[in-house]
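Q: With the hints as your guide, set chain L onto chain C.
Protein chains: 2
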Amino acid sequence: MNRPHTRRRELIDVAMGRKPADKILSGGKLVNVITSEIYPAEVAIKGDRIAAIGDVKRCKGPKTEVIDAKGAYLVPGLVEPHLHFYHSYINVTNYAKAVLINGTTAVADGFYGPGIISGVKAVRFMIEEIKRTPLKLIFSVPVLAYLQNRELGVSPAPNSVSPEELMEMLDWPETLGLEEPPFLPITEKDEIFLDLFEKAVEKRIPITGHAAGIDIPSLNAYVAAGAITDHESTEVPDAIEKARVGLKILIRQGSGAFNAKELSKALTEHHLSSRGFSFCADVASAEKLFYEGDINECIRVAIKAGINPVNAIKMGSLNAAEVYNQTLEIGSIAPGRIADVLFVRDLRDFDIARVIANGEIVVEDGKFLPFLESPKYPDYMYGTVKLRRPVTPEDFNLHAPKGKTSVKARIIGAADLSLYTQELIDTLEVLDGVVQPNQSRDILRISMIDRHGETWEIGNGFVNGFNLKRGTIASSVNAVCENIVVVGTNTEDMAFAANHLAKIGGGKLVIADGKILAQVELPLCGLVSDEPLDKMIKKFNKAYDEIRKFGCQLTHPFSTLEFCCACGEIGKIKIFQGGLIDTEKPAKVSVVLD
Amino acid sequence: MNRPHTRRRELIDVAMGRKPADKILSGGKLVNVITSEIYPAEVAIKGDRIAAIGDVKRCKGPKTEVIDAKGAYLVPGLVEPHLHFYHSYINVTNYAKAVLINGTTAVADGFYGPGIISGVKAVRFMIEEIKRTPLKLIFSVPVLAYLQNRELGVSPAPNSVSPEELMEMLDWPETLGLEEPPFLPITEKDEIFLDLFEKAVEKRIPITGHAAGIDIPSLNAYVAAGAITDHESTEVPDAIEKARVGLKILIRQGSGAFNAKELSKALTEHHLSSRGFSFCADVASAEKLFYEGDINECIRVAIKAGINPVNAIKMGSLNAAEVYNQTLEIGSIAPGRIADVLFVRDLRDFDIARVIANGEIVVEDGKFLPFLESPKYPDYMYGTVKLRRPVTPEDFNLHAPKGKTSVKARIIGAADLSLYTQELIDTLEVLDGVVQPNQSRDILRISMIDRHGETWEIGNGFVNGFNLKRGTIASSVNAVCENIVVVGTNTEDMAFAANHLAKIGGGKLVIADGKILAQVELPLCGLVSDEPLDKMIKKFNKAYDEIRKFGCQLTHPFSTLEFCCACGEIGKIKIFQGGLIDTEKPAKVSVVLD
Numbered sequence: 001m002n003r004p005h006t007r008r009r010e011l012i013d014v015a016m017g018r019k020p021a022d023k024i025l026s027g028g029k030l031v032n033v034i035t036s037e038i039y040p041a042e043v044a045i046k047g048d049r050i051a052a053i054g055d056v057k058r059c060k061g062p063k064t065e066v067i068d069a070k071g072a073y074l075v076p077g078l079v080e081p082h083l084h085f086y087h088s089y090i091n092v093t094n095y096a097k098a099v100l101i102n103g104t105t106a107v108a109d110g111f112y113g114p115g116i117i118s119g120v121k122a123v124r125f126m127i128e129e130i131k132r133t134p135l136k137l138i139f140s141v142p143v144l145a146y147l148q149n150r151e152l153g154v155s156p157a158p159n160s161v162s163p164e165e166l167m168e169m170l171d172w173p174e175t176l177g178l179e180e181p182p183f184l185p186i187t188e189k190d191e192i193f194l195d196l197f198e199k200a201v202e203k204r205i206p207i208t209g210h211a212a213g214i215d216i217p218s219l220n221a222y223v224a225a226g227a228i229t230d231h232e233s234t235e236v237p238d239a240i241e242k243a244r245v246g247l248k249i250l251i252r253q254g255s256g257a258f259n260a261k262e263l264s265k266a267l268t269e270h271h272l273s274s275r276g277f278s279f280c281a282d283v284a285s286a287e288k289l290f291y292e293g294d295i296n297e298c299i300r301v302a303i304k305a306g307i308n309p310v311n312a313i314k315m316g317s318l319n320a321a322e323v324y325n326q327t328l329e330i331g332s333i334a335p336g337r338i339a340d341v342l343f344v345r346d347l348r349d350f351d352i353a354r355v356i357a358n359g360e361i362v363v364e365d366g367k368f369l370p371f372l373e374s375p376k377y378p379d380y381m382y383g384t385v386k387l388r389r390p391v392t393p394e395d396f397n398l399h400a401p402k403g404k405t406s407v408k409a410r411i412i413g414a415a416d417l418s419l420y421t422q423e424l425i426d427t428l429e430v431l432d433g434v435v436q437p438n439q440s441r442d443i444l445r446i447s448m449i450d451r452h453g454e455t456w457e458i459g460n461g462f463v464n465g466f467n468l469k470r471g472t473i474a475s476s477v478n479a480v481c482e483n484i485v486v487v488g489t490n491t492e493d494m495a496f497a498a499n500h501l502a503k504i505g506g507g508k509l510v511i512a513d514g515k516i517l518a519q520v521e522l523p524l525c526g527l528v529s530d531e532p533l534d535k536m537i538k539k540f541n542k543a544y545d546e547i548r549k550f551g552c553q554l555t556h557p558f559s560t561l562e563f564c565c566a567c568g569e570i571g572k573i574k575i576f577q578g579g580l581i582d583t584e585k586p587a588k589v590s591v592v593l594d
Numbered sequence: 001m002n003r004p005h006t007r008r009r010e011l012i013d014v015a016m017g018r019k020p021a022d023k024i025l026s027g028g029k030l031v032n033v034i035t036s037e038i039y040p041a042e043v044a045i046k047g048d049r050i051a052a053i054g055d056v057k058r059c060k061g062p063k064t065e066v067i068d069a070k071g072a073y074l075v076p077g078l079v080e081p082h083l084h085f086y087h088s089y090i091n092v093t094n095y096a097k098a099v100l101i102n103g104t105t106a107v108a109d110g111f112y113g114p115g116i117i118s119g120v121k122a123v124r125f126m127i128e129e130i131k132r133t134p135l136k137l138i139f140s141v142p143v144l145a146y147l148q149n150r151e152l153g154v155s156p157a158p159n160s161v162s163p164e165e166l167m168e169m170l171d172w173p174e175t176l177g178l179e180e181p182p183f184l185p186i187t188e189k190d191e192i193f194l195d196l197f198e199k200a201v202e203k204r205i206p207i208t209g210h211a212a213g214i215d216i217p218s219l220n221a222y223v224a225a226g227a228i229t230d231h232e233s234t235e236v237p238d239a240i241e242k243a244r245v246g247l248k249i250l251i252r253q254g255s256g257a258f259n260a261k262e263l264s265k266a267l268t269e270h271h272l273s274s275r276g277f278s279f280c281a282d283v284a285s286a287e288k289l290f291y292e293g294d295i296n297e298c299i300r301v302a303i304k305a306g307i308n309p310v311n312a313i314k315m316g317s318l319n320a321a322e323v324y325n326q327t328l329e330i331g332s333i334a335p336g337r338i339a340d341v342l343f344v345r346d347l348r349d350f351d352i353a354r355v356i357a358n359g360e361i362v363v364e365d366g367k368f369l370p371f372l373e374s375p376k377y378p379d380y381m382y383g384t385v386k387l388r389r390p391v392t393p394e395d396f397n398l399h400a401p402k403g404k405t406s407v408k409a410r411i412i413g414a415a416d417l418s419l420y421t422q423e424l425i426d427t428l429e430v431l432d433g434v435v436q437p438n439q440s441r442d443i444l445r446i447s448m449i450d451r452h453g454e455t456w457e458i459g460n461g462f463v464n465g466f467n468l469k470r471g472t473i474a475s476s477v478n479a480v481c482e483n484i485v486v487v488g489t490n491t492e493d494m495a496f497a498a499n500h501l502a503k504i505g506g507g508k509l510v511i512a513d514g515k516i517l518a519q520v521e522l523p524l525c526g527l528v529s530d531e532p533l534d535k536m537i538k539k540f541n542k543a544y545d546e547i548r549k550f551g552c553q554l555t556h557p558f559s560t561l562e563f564c565c566a567c568g569e570i571g572k573i574k575i576f577q578g579g580l581i582d583t584e585k586p587a588k589v590s591v592v593l594d
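In the order they appear, the protein sequences are chains C and L.
Going by the numbering used here, the first residue of the first sequence is number 1, and it counts up by one from there.
Going by the numbering used here, the first residue of the second sequence is number 1, and it counts up by one from there.
Accuracy of the hints is not assured; some may be wrong.
For chains that are exact copies, the list does not tell them apart, and a pair is met inside one copy or across any two.
With a cut-off of at most 25 Å between alpha-carbon atoms, the simulated DSS-like pairs for lysine-lysine come out as follows [what the hints assert, rightly or not]:
no., residue 1, residue 2
1, Lys131, Lys203
2, Lys63, Lys588
3, Lys57, Lys585
4, Lys542, Lys203
5, Lys585, Lys19
6, Lys538, Lys265
7, Lys189, Lys60
8, Lys408, Lys60
9, Lys189, Lys19
10, Lys19, Lys57
11, Lys189, Lys57
12, Lys367, Lys542
13, Lys588, Lys408
14, Lys367, Lys19
Quick caveat, the hints were computed from the structure, so don't treat them as lab data.
Extracted from the complex, chain C is given alone in its bound form (with noise of 0.2 Å):
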């Protein structure tokens, strides 16, 4: 893990009763999640490791600290096996403690975002950032860092990690895995694909996967090449296919994926072992940390949805941490393990009392007790958002061919609750040579605009499914392409939305008639906030009732506008800073048929 964490050899005396603990667990029913049991037991913690469990009293000296639980569950800290920080919008200082309140101990995170923006010394910086807080790291090498969406032909970030980078990460001491590169690649047969696929699975390190909309012969292939995971499904058969091939599947419930009720089904209807299983949010804004939680949310859903809870809380802690292999370390109370562990009052409604992270109480009725300061970051990760030439109303529109008076288009099609976006098609009204939007049957401008200052590239398109009736919504940080994105209806808020970003160095905005009616700051890489939680959150809010007062009724708006956005194999059609791509081809398509 990440830190230098108490030695091994130093439990030895402690479990065999020689010396004292430095705290003994008292009067918790411990849910062991290797044997599946809960039975009363006590836990001696000797620095931040766990030397024994059971009957302890051995292990107790004058100056032991006895903490009791009162009767609650003893549940392993939760082991977050994909999640990508920087899409909370908060710093990784703040992000750890809003992690560490629901309970995840552990996270996989490459830091993929800042990689894109200001290369691998951003990633480095983010590693020895997360070293200083209570949050341990399962680093997995950012490969979408480097990759963006090259596979779908979409030119790259100036300054993003090259290939050599990435083959160096997996030498770094911190890596523990190499983080959902996607199928294509592999199915491709991309030489620098092969080469990471074929030194990871020699180095014993875990391939997480990322196999959105994988048809069955890509499947077998890419499980051939060396991955483990897949976070994508949504929908039982798809999760059965590839738990049969090998794959163990995350079951996500993030901002804009909900599949923690569907996928239970796989094991509470067609009885598949559980073992293969975990979950995990991927993407989670900053809100939902606050008010829903991460791997806790996710298990209350499965528990709800029949699944054991024992068995929900293996998967949301020792399954996790057996796809990177760290079941020594982290995923169940048990000697040497280090000293994660959450007093939980009811398993059923998952509330957790105190979480215990390396030993130390940090988490008290959802309060969070070290004292925790965000680091200064370096000067490079500021001022990211830049535009070669300021963006004007004109910049928008998007030509019809001429003579025609309408035209029939590609429309992204949106869906609340859903990353995947549709194509639709319909038709469009041209005025001078202009192919307009249609407000009333909420069809919409969408553009992204490349932010990185070295080249002028702008895409124009529609999106169905945000319903604004005013107004304009815009994005520096987007999942994988961090551009500037921009959903609007005219194209002067949209202009002025696009030339304030770049002026306040990234965020989120909301715009209406020439004034900002709700701003977020994310000036670290244009990606995220150097605030803390709660006053990001109170932002967000404020952007959330702007936003819904202009018409718009998606549950998490700017998740939506992201994933209309390039990414991956996520979804149909989505915008890039060229125009339209069919990421099913994948390919380039335009925005009007013939």
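A: Coordinates of chain L only, in the frame set by chain C:
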């Protein structure tokens, strides 16, 4: 694993249907140990790996060989997570044949016996020898080749493996485990062992354990230090204690240890998750491998004991592969895995019609197909049973304190089908100052003689359980303690046996009245034969017949004899070259009390 396998990138085109598979297994029912399902499915093979499973029509070309499973179950090649080949007394090549016939396609071994006698070069030789066979090796650093019985105070063999060599072996590319360092050096904080554990954990090399007779504090300390398995449980409560702290239980079903039936109750009656359980033989005589089997026998016994057949197969394949973090290579039938597939006609009988290893049919109806010759062995492996001087009958006399006509004596209590020895106390007559055996009460002489030629030591004691009415049996190969051990009814035959073992360079002898009634030569390191299995078995059967004629009713008399010798913490009192040892203290104890 231990050979260059087909590169995963070569599987992609086959899985995609762009290039033909070499072979397709058709007409079988796949036992999917990942999802716990059984369903009809085909398997496409490229080189020695599986490229695709399910419907693989697209992978069939004009030259693709289709192998008809004729309705058989397709079961993953079995994985033996803990077996010492040299206890089968056959060389590695013949051993590979013997276990492959039983469906074991991968085996964990460290070759500790040869390591004790001839050091690291012999271990290296065995690794290279096994690479010439279709059996895959999970090489596990042979800690016992260094430790022997040092932790009991017994002096080691002169040419054995050093601690520095063990540390170096952890860096060998073949190394996938650290083989059963027992718990005493850990609880006693032996620096060599603490360093070995630390390096193994650091390198994520699994530490398989050996926790016979462990108490709760030691168990916690051992697991805290990093041990992940145990194979010494014989009773359910002990197995549950160990599983609860996180040890994976290898249910042992070998020569002298028959725990599969009893320990199955941990699953069938106590409902523990089967995930932490697998099987091993640990010690399997040649005859056991020939007549009873290896993991296939464990599966049979477990199914009979009420374990669901798919779970039993999973325990014998996937779970064992998981112990060594080798699930990407072995343990299931899935894309990318090495093509190790058994055709099993009936799951309950578990009769194996065919064994496919590395994509080749190697066994057909119990017959091993490939031509496989033993290598020429290096000279240093021969002539290793060396006596500093010939043994005389008088050497076996144990002298009583002066003036005594009878003494109370500690007697080793051996029992059939158990590796454990009891401490029996009985009164023995003294004649001419020499403590006498009592054949009528089945109290016989047992002695161990140093066979390394550099020192001269003999340990004399008494044993109950063999019930020999005449003659002597002797062996130069014993678990951990590779000296000459001899049990007999008269000192003349005992001396003859010891001297003859040195003459033939090691083996097993049955002698009466100065005549060799049966002889199994084991010239390689004095531990193993260079003859094929069937010849060996004939010799062993002859030996057993003769032993039975002596009145001995033990099922595996040579195994029982081996475990009367000092061997880790198994059993209470044991013989060694310095006398008797109490393994619980641990300390040398005198035969004569007061």
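Q: A separate judgement is required for each hint: does it hold in the structure or not?
A: Structure-based check of all given hints:
1. Lys131 / Lys203: both (24 Å within a copy, 21 Å between copies)
2. Lys63 / Lys588: Answer is neither; intra-copy 68 Å and inter-copy 39 Å both fail.
3. Lys57 / Lys585: Intra 65 Å, inter 24 Å, cutoff 25 Å: inter-copy only.
4. Lys542 / Lys203: neither (48 Å within a copy, 50 Å between copies)
5. Lys585 / Lys19: Answer is between: at 22 Å across copies they meet the 25 Å cutoff, but 65 Å inside does not.
6. Lys538 / Lys265: neither (36 Å within a copy, 56 Å between copies)
7. Lys189 / Lys60: Between. Shortest inter-copy distance 21 Å satisfies the 25 Å Cα cut-off; intra-copy 59 Å does not.
8. Lys408 / Lys60: neither (77 Å within a copy, 43 Å between copies)
9. Lys189 / Lys19: between (57 Å within a copy, 14 Å between copies)
10. Lys19 / Lys57: Only inside one copy: Lys19 and Lys57 sit 12 Å apart there, 65 Å across copies, limit 25 Å.
11. Lys189 / Lys57: between (59 Å within a copy, 22 Å between copies)
12. Lys367 / Lys542: within (24 Å within a copy, 76 Å between copies)
13. Lys588 / Lys408: Within one copy only: 17 Å inside a chain, 94 Å across chains, cut-off 25 Å.
14. Lys367 / Lys19: Neither. Shortest intra-copy (33 Å) and inter-copy (59 Å) distances fail the 25 Å Cα cut-off.
Going down the numbered hints, you'll see the structure goes against 2, 4, 6, 8 and 14, while the others check out.
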